[in-house]
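Novice: What follows is the residue order along each chain.
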Amino acid sequence: GEDVEQSLFLSVREGDSSVINCTYTDSSSTYLYWYKQEPGAGLQLLTYIFSNMDMKQDQRLTVLLNKKDKHLSLRIADTQTGDSAIYFCAETIYSSASKIIFGSGTRLSIRP
Amino acid sequence: AAGVIQSPRHLIKEKRETATLKCYPIPRHDTVYWYQQGPGQDPQFLISFYEKMQSDKGSIPDRFSAQQFSDYHSELNMSSLELGDSALYFCASSFNRDFEQYFGPGTRLTVT
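Line order of the protein sequences matches chains A and B. What the first sequence shows, in the working numbering, is residues 1 to 112, in sequence order. What the second sequence shows, in the working numbering, is residues 113 to 224, in sequence order.
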């Protein structure tokens with residue numbers, strides 16, 4: 001079935017690295033995403049990774065994919081106050097016309 | 113760059129009324145997706161259209177209907193509104209059902 005799970009909260013100190021974790025159950029997932037949502041705002045696509053990749057780096061963001069354990073993580077280096085938001089892990093299965101299945105979201109808060 | 117446009121941004125309706133939400137995809141995008149995000153919840157897929165035909169259907173109530181028009185904009189029609197329909201409704205668009213979906217800012221519907 002389709003299920004994406006994340007921890008609900010994460011608190012980190014400004015300047016430290018944040019690591020947000022996600023697990024998914026559907027082994028036929030084709031693409032895995034990280035979306036960012038600030039309070040009252042829309043969904044911003046941060047990055048995505050194909051299921052045949054292990055890692056993707058984009059500036060301060062590093063995505064790691066462990067296909068065996070169906071585990072996805074997002075690392076944000078040098079976390080800033082502007083990174084405070086809810087981060088959604090999501091997956092899509094191409095055969096389903098690319099509808100996106102979202103996790104419950106992790107609320108990232110930054111301590112001074 | 114042009115983004116997905118949704119209107120209205122905010123809508124207040126009473127129970128049993130009807131509402132129409134509009135979505136204008138990014139130019140040249142032919143695929144539109146609708147998602148519903150309840151308070152404190154993750155976005156849930158409702159329905160999608162590709163080249164003016166319904167391509168996938170999720171947890172969309174029978175009271176809701178949607179269509180995609182010849183100019184690729186889409187409308188979500190909601191009838192017999194219930195308090196539980198209060199949510200943020202997102203539209204996303206992509207080209208040829210591509211995995212890169214770009215989300216609009218959302219329409220916040222409040223049913224009183």
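It is worth saying that the hints were derived from the structure and are not from the lab. Careful, some of the hints might be misleading.
Said to hold, decoys possible - Straight line, CA to CA, 30 Å or less: simulated DSS-like cross-link-like pairs of lysine-lysine:
| # | chain 1 | residue 1 | chain 2 | residue 2 |
| --- | --- | --- | --- | --- |
| 1 | B | Lys134 | A | Lys67 |
| 2 | A | Lys70 | B | Lys169 |
| 3 | B | Lys134 | B | Lys164 |
| 4 | B | Lys134 | B | Lys169 |
Said to hold, decoys possible - If we take Cβ atoms under 7 Å as the criterion, some of the chain B residues that face chain A in the derived model are:
| # | residue |
| --- | --- |
| 5 | Pro151 |
| 6 | Phe157 |
| 7 | Asp168 |
| 8 | Lys169 |
| 9 | Asp183 |
| 10 | Phe207 |
| 11 | Phe211 |
| 12 | Pro217 |
Since the model is a prediction, treat every value here as computed from it, not as a measurement. By construction, the Cβ of each residue, glycine as well, lies at the ideal position given by its N, Cα and C atoms.
Novice: Decide, hint by hint, whether the structure agrees.
Specialist: Outcome of the hint check:
Distance restraint check for Lys134(B) and Lys67(A): the Cα-Cα separation of roughly 38 Å exceeds the 30 Å cut-off, and the hinted pair is therefore not satisfied. A threshold of 30 Å between alpha carbons decides the hint, and for Lys70(A) with Lys169(B) the separation of about 26 Å falls inside it, so the pair holds. The hinted pair formed by Lys134(B) and Lys164(B) meets the criterion: a straight-line CA distance of about 15 Å does not exceed 30 Å. At most 30 Å may separate the alpha-carbon atoms for a hinted pair to count; Lys134(B) and Lys169(B) meet this at roughly 18 Å.
Because the smallest distance between the Cβ of Pro151(B) and any Cβ of chain A comes to about 12 Å, over 7 Å, the interface hint for this residue is violated. The interface hint given for Phe157(B) holds, since its Cβ lies 4 Å from the closest Cβ of chain A, which is under the 7 Å cut-off. Annotation: interface hint on Asp168(B) holds; nearest CB of chain A at approximately 4 Å, less than 7 Å. The interface hint given for Lys169(B) is broken, as the beta carbon of that residue sits about 9 Å from the closest beta carbon of chain A, more than 7 Å.
The interface hint given for Asp183(B) is broken, as the beta carbon of that residue sits about 21 Å from the closest beta carbon of chain A, more than 7 Å. Checking Phe207(B) against chain A by beta carbon gives a least distance of about 11 Å; that is not within 7 Å, so the hint is violated. The beta carbon of Phe211(B) comes within 4 Å of a beta carbon in chain A, closer than 7 Å, and the hint placing it at the interface holds. Nearest Cβ of chain A to the Cβ of Pro217(B): about 4 Å, under the 7 Å cut. The hint holds.
Comparing the model with each numbered hint stated earlier shows that hints 1, 5, 8, 9, 10 do not hold.
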